Amino acid sequence: MASSNISLGMIAFLLRKLFYGFFVLVLVIILISSVIYLAPVDPARLTFGQRSDAKTVEAKREKLGLDQPLYVQLGSYLNDLSPLSKIKIADEQELPYEYLSLLTFSESKMVLKWPYLRESFQTGRSVSAVLREAIPKTIILAFSAIGIAMLIGIPLGVMASLKPNSLFDNSAVVLSVIGFSVPSYVSAMILALVFGYLLHDYTGLETQGAIFDLDDLGDERYFWKNLILPAIALGIRPVAIITQLTRSAMLDVLSQDFIRTAKAKGLSKFKVVFKHALRNAMNPVTTAISGWFASLLAGAFFVENVFRFNGLGQLTVNAMLTYDIPVVLGAVLFTASIFVLINILVDVLYAYLDPRVTVS
Amino acid sequence: MDQLLEVKNLSTFFETEEGTVKAVNDVSFNINRGETIGIVGESGSGKSVTALSIMRLVQEPPGKIKHGEINYFSKGQNPVDLLKLTEDQIRKYRGNAIGMIFQEPMTSLNPVFRCGNQVLEAVELHMDLSKEQSKQRVIDLFAKVQLPDPERIYRSYPHELSGGQKQRVMIAMAMSCNPDLLIADEPTTALDVTVQKSIIELMDALKKETGTAVMFITHDLGVISEIADRVIVMYKGKIVEQGPLKAIFENPQHPYTKSLLACRPPLDYRLRKLPIVSDFMAISKDENGELLLTEKDQNAQELIDKFKITEKETTERYEKLIHQEPLLKVDSLKTWFPATKNFFGKPLTYVKAVDDISFEVYPGETLGLVGESGCGKTTLGRTILRLTQAQSGKVWYKGQNLLTLSDKEMRALRKEIQIIFQDPYSSLNPRITIGNAIKEPMTVHGILNSDQERKAKVNDLLNTVGLSDSHYDRYPHEFSGGQRQRVCIARALALNPSFIICDESVSALDVSVQAQVLNLLIDLREKFNLTYIFISHDLSVVKFMSDRMIVMNKGKIEEMGKTDDIYNSPSKSYTQKLIDAIPK
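Just so you know, the protein sequences line up as chains C and U, in that order. Residues in the first sequence are numbered consecutively from 0, following numbering that gives the first Met the number 0. Residues in the second sequence are numbered consecutively from 0, following numbering that gives the first Met the number 0.
Treat the hints as calculated values from the structure; they're not laboratory data. There's no promise every hint is true.
Simulated pairs of lysine to aspartate or glutamate, EDC-like, Cα-Cα distance not exceeding 20 Å [stated by the list, open to error]:
#1 270(C) to 123(U)
#2 59(C) to 41(C)
#3 268(C) to 86(U)
#4 270(C) to 87(U)
#5 268(C) to 123(U)
#6 555(U) to 330(U)
#7 340(U) to 346(C)
#8 553(U) to 371(U)
#9 272(U) to 301(U)
#10 162(C) to 59(U)
#11 162(C) to 557(U)
#12 274(C) to 301(U)
#13 268(C) to 87(U)
#14 274(C) to 123(U)
#15 162(C) to 14(U)
Quantities reported herein were computed from a predicted structural model and do not represent experimental measurements.
Excised from the complex, chain U in its bound form (with noise of 0.2 Å):
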């Protein structure tokens, strides 16, 4: 094999006020021309950072590459070590040799530049081309990642496209000046299902036109799987798993790979809960603080036995749910935005995010509501809510009608239904300890007769969710995405609900967290008797999840019913489309 890059030895750590942290620590691997190598990890594994190591992109301070070298090896030539070069030097491989792609293709591109221009920048400062050479390549390269109206793209600003597009002019930007290496950090995890299934094709596509060799990054074994040629398992810095896709899917030896491979949602059965990495290792640390992982005796497949649901009883619950007088009944409701307005301001036409939908759902149950970005199933949880104000149609709850409610009774129902947001960073404010942002909602409604009680309650809600009394006074920034999400979902509980609308609660999670939240939740609703709508752009997660389920396009429903009925025979097209982007 014709090598490519040889990693040695890399440390790269982190100064913080809690001391140093070890992002990437002793990592060594090769890349092979022309291969791709898949890194998974959860966030906090060191897997991004080992990439933007090997760019010199770290942030210097509080970052440092330690030690270890990164030798590059050009045709012909010695392996060059980039660690040694001069910040000159290495600006000469960056966007040339090595193109990078990053995570957020809505933030990734600079937002008062046309597309065009940001890759023509590339192929102008690395490539000995006249101008109109270069700005034909710029469309030429658009045409290539599959953009529609090349030349009207180049002119576009960012925010014109859709965030696929977006990646795919990030994919023409990396791709722009032919590297040897092209490093994706997370390219699809801030995409929709279907989205992410065209970007790895065209990705694969494009490294068997050009050869190039790809790293790439993500959390999800699912989508390597269906790209990589081998893997690189990261835990906490260090690499505890390499080895050709085939046998680490396999013949997996770690325990991490084993619950990583164990905890997506499965698609052919249904499970009770979901593995997660805690039923394969524990985690402790020796005496000087090193992380000590300790393999658990449990075969993956016997948990999955163990864990799964026959179709008898998914039958008889089904049943038994739809029998019963329903909780909530929205009756063609329709929630319009205004598109175009008039001089005075009077709208003209409108975007029709939900567009006369009708459904019930029962006490007990979980609904399912699955589409692609834009699809308005987020406007449509936000309206039941009245976050979001309604064009017409009715939202009957236990026999009010919540779109005529005064503000002043819809108050006092706020507390009965609550939701649970996508983005645990944003939902809390950082500058109130987790322990007062869950008491909050109970002093404002009411609940309980002094503080005292309250605060037994809180900590009484802190540990139902898997955290502790310890955490009551501690700020948002101390915790992790997955305990953030634990935090909301007290702070939900707190008032008692019986309604839950759980919006993306789960998509900016880890794949592993992302199982362990997915446990909670069930857990609550059965210890509770709570009834979620779970809305989700991941099919899996929501066939998992509920029991009935509605798919979503446009403003309109689908296709609507029993959630393995629709999974197993989809009636519409876009239904099977939304199956067929779930990686394998």
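Isolated chain C, as found in the complex (with noise of 0.2 Å):
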């Protein structure tokens, strides 16, 4: 009885997160829309560069609908992202995405899609694929960086809780302070030049590049070694906050009863610390840890930069740049699902890794 309802729970909890997600997105997706409106850049102009005529200009923005009034854009916008949306059987013709009609009306039609990104307006490809490109490599990217920070902070943070105030866990402490402090393109860029440049003939590494590619006869290649770099440099600052928060959260632990218990049965000290306190000490960090994940898979401007790694990050910023609307929506809109999954993960997370949380 007690398991059934505990799922059921669970669905209803998870349900209700989506929907509130669903709103998050929808707004963001206003509130970017609304400040890129009211930025005084004209896109369509931006298209076409400083020498273009007006009249080109007028097309264009007409054809982009840039002409129309605020909530106009937003309205077709929301309709193309849309699964379920409504189209004009005139325009049927010209549309670049295939779909499942359902009910047809006298001018237009209700029908079913994926949901559609448009096309970024420098390059006129679809946004789809320009996030398809980017996306696995910042996932990529943001795995590594957050699977070193834990496979280093995590142990750290324990020994360093185990003798608190010996020299071990004084230097832990002091190295993670100075690792927190250093901006991530700084590290980034001493990374590049020591071991991309410098010690180029003992590393191998390159200062620059991007993990996949593709060659000149146009097949994909893979560059993994371009990960190793751009993961440390991304990684340290996690590896210092996690190394602080695992030991604090394990000294707090340890002074605790149950511990006391634990020792008292005869358990080994191995067996008290990573059975029974670690997966104590592990709420706080989790918290930590899925923050950066989530804010890593944003993509990392400058460590990408650094790097050349093209990957989200750098794609946004790009984007942003040149104003071009559906490339940074596209993007934001990802980055915003992230946050949203990511917080529904670690509420199950803490559920499971203390009982005593339930979701509901």
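Since each chain comes alone in its own frame, lean on the hints to assemble the complex.
See the structure below:
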């Protein structure tokens, strides 16, 4: 009985969170669109550059719907985005996406389709395709960076907590403060300089490059070693924070009564620390890791830029600089969805880590 | 007698910023196989540190076992000095030959593992059994400690069990590998008296069945009398007296033992105030800083006779009280908490913490509110103060309904109605000096004209509650539990309240300290003409304090009336259960 209640509560919880998440996404779209709309820049002009004639720009503006008021632009964007949308039969031939007709009215149709993110103002490529290229790189980079951070930070924090105020503990604390204080682009440049340039002969690493690219024959090629330096550069700050949080959470847990109980059972120190203490200490660490992870998935512009990694961060900032609205909206939507999803995931993870937490 | 453990000249010291604390100072005693030895003393007497020293679980640093021997006599083998063993060797004894139960069942089990697995761990570690046998053994153990539905408890997490059930799981864990010695460090202090009784009965039964020796540590001599064969009384790190139970109870030699016996609230008669430790002995320090205890020429019985109140006096006081206009009138008060909610967060069912309660409180009286944890007594107190939102009902105070006052009007009234909480450790902000903690509410309510006057008043209050001016600039951590509770009382008094709710205000205190605080509360009641609602799970304390009492159960009033009448002839079986649970 109890278990079925839990899963029902869990489903209701997930539904409610997704429901809220949906609103978050809509709000994000409204906010970004309004800001771009209000900015004193003309994206249509930007696509042609300085020496375009007014007529061409005007035509482009009309084509992109930029001459319409904000709410019309918004409505049409949301309509494109929604899987369930209304299209004009007159436009049917020009639509750049495939769809499934559900209902047909006199002048319009109700159709089912994948969310359509439109095309880049700058390159005319579909935004989905642009994102599909950048996102995997960023995801791999984010996983590597956070993986490094966890593999180093958690054991380091645990070891520091076992001998508080020892030389090891103090060094760990000082190093993590330094690690946290250095901006990632500074460490990125130092790493690139030292290991990609000065020590290039020994390391074989490059100062710049993405992890996959098309070679001259148009085939995809992977350059996994290009992951190493950016991942380390991005991992340094989370290592610092994870070390600190693990240490303080462990110090707290190690003084708890149930640790004494575990010792009184005759358990070995290893079991007491890693089985009984660590899992109790994971809650604050999980919060930190998930937060960092989510923001890493949004793309790390500075580090990506230093290493010319061509990930989501670089894509987003470049799109912002050229007022490539569909790309910006697409990237921000992806990021916002990631945050919503990770938040839900973390809530579920809490419940797994600590049975006292119930999701409801 | 078959010797099991010999503690010889054990000294365990703690290095602190204020210097060396001799927590255990040259202590020697024996434990024989199968006997129950009770170790009694107040907090800081070194009784827990003695137990932890035997298990070699003293936190190091700051603690260190300085010298001594702890010889363990295994059957048919030479004695082993536990203090000379390596860490790996002593682990073979922990949880195996010596099991241990701790004071706080709430925090002594790991919250993230199932109860069954936590006990299983000990069984798998020390016993050579197959996986199925081990699991079966744990379930059998759960049945043995009388847990309902052992299979379910096996799968439960600690937070899904009650405090008493958790302590039973702890007992099962400690007993899981058939230990020769079970160390129980205040195993019932954090529990309701009714639960305490059942736990003690269980331990007694297990001891008789298995022949395990028990070292039972407590601050309460009453509890000891129910279970121990022999008693050791500790005070400030030293053993002041030890002997058979009967001898200690009937013919105590040391003044500290005498005071411990006398300071429990009596059940058969009423006292004006309780005898306290300082009635029996004076504590000073000699030139080396060692404690010097000097016995005062005080006969316990004479003192008690002096404090006795006759039945006539009690009745007169009672009649006088109830013929007044009530100060507080609670009228069908309900406090419900949402238990389940639907998808949109609308409550579907409720936990009825306070369910349709009505009573009156007369000026100058103490109304006792007694019941087990979860009966709603704390919620009732909080609802009256509007610290918890009421569902419906009225609380009339001096003709005003507190529940319908605006926040501003209520704030003005708050200074008249104060509350003293249970836990003196968490109800004081550790970063605020106690002087400022007492002064703050006066500043907030604009009492007195200048800071100087307020400061003078704080010093006045500190003296009233038995502290001194010199404590003004000190921080809470420098005080003992009893002293902190005095600070909380002084803070409550700072606003010249006429009405104080004491919510389990002495439950976290040792019996000897409890007596001092209860005396203080009574003195203050007479001095400032205060009215109390005194909330406690311990009927003996409520009986000592209150003129009338309410017995609460599951959010409702079981019984209400004159304290002595209810105690002498309870009309409900629930009340009888509470009375039976008081250790005699």
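Do the hints match the structure? See the list:
1. 270(C) to 123(U): Given that 20 Å is the threshold and the Cα spacing comes to 13 Å, the pair holds.
2. 59(C) to 41(C): 11 Å, holds
3. 268(C) to 86(U): 10 Å, holds
4. 270(C) to 87(U): Since the Cα atoms of residue 270(C) and residue 87(U) sit roughly 13 Å apart, the hinted pair holds (cutoff 20 Å).
5. 268(C) to 123(U): 16 Å, holds
6. 555(U) to 330(U): This hinted pair holds, its Cα atoms lying about 13 Å apart.
7. 340(U) to 346(C): Roughly 19 Å between the alpha carbons, so the hint for residue 340(U) and residue 346(C) holds.
8. 553(U) to 371(U): 9 Å, holds
9. 272(U) to 301(U): 13 Å, holds
10. 162(C) to 59(U): Answer holds: residue 162(C) to residue 59(U) is near 11 Å, not above 20 Å.
11. 162(C) to 557(U): Since the Cα atoms of residue 162(C) and residue 557(U) sit roughly 54 Å apart, the hinted pair is violated (cutoff 20 Å).
12. 274(C) to 301(U): Violated, at roughly 58 Å.
13. 268(C) to 87(U): Cα-Cα ~10 Å, so holds.
14. 274(C) to 123(U): Distance of about 15 Å is within 20 Å: holds.
15. 162(C) to 14(U): Holds - the C-alpha atoms of residue 14(U) and residue 162(C) are around 17 Å apart, at most 20 Å.
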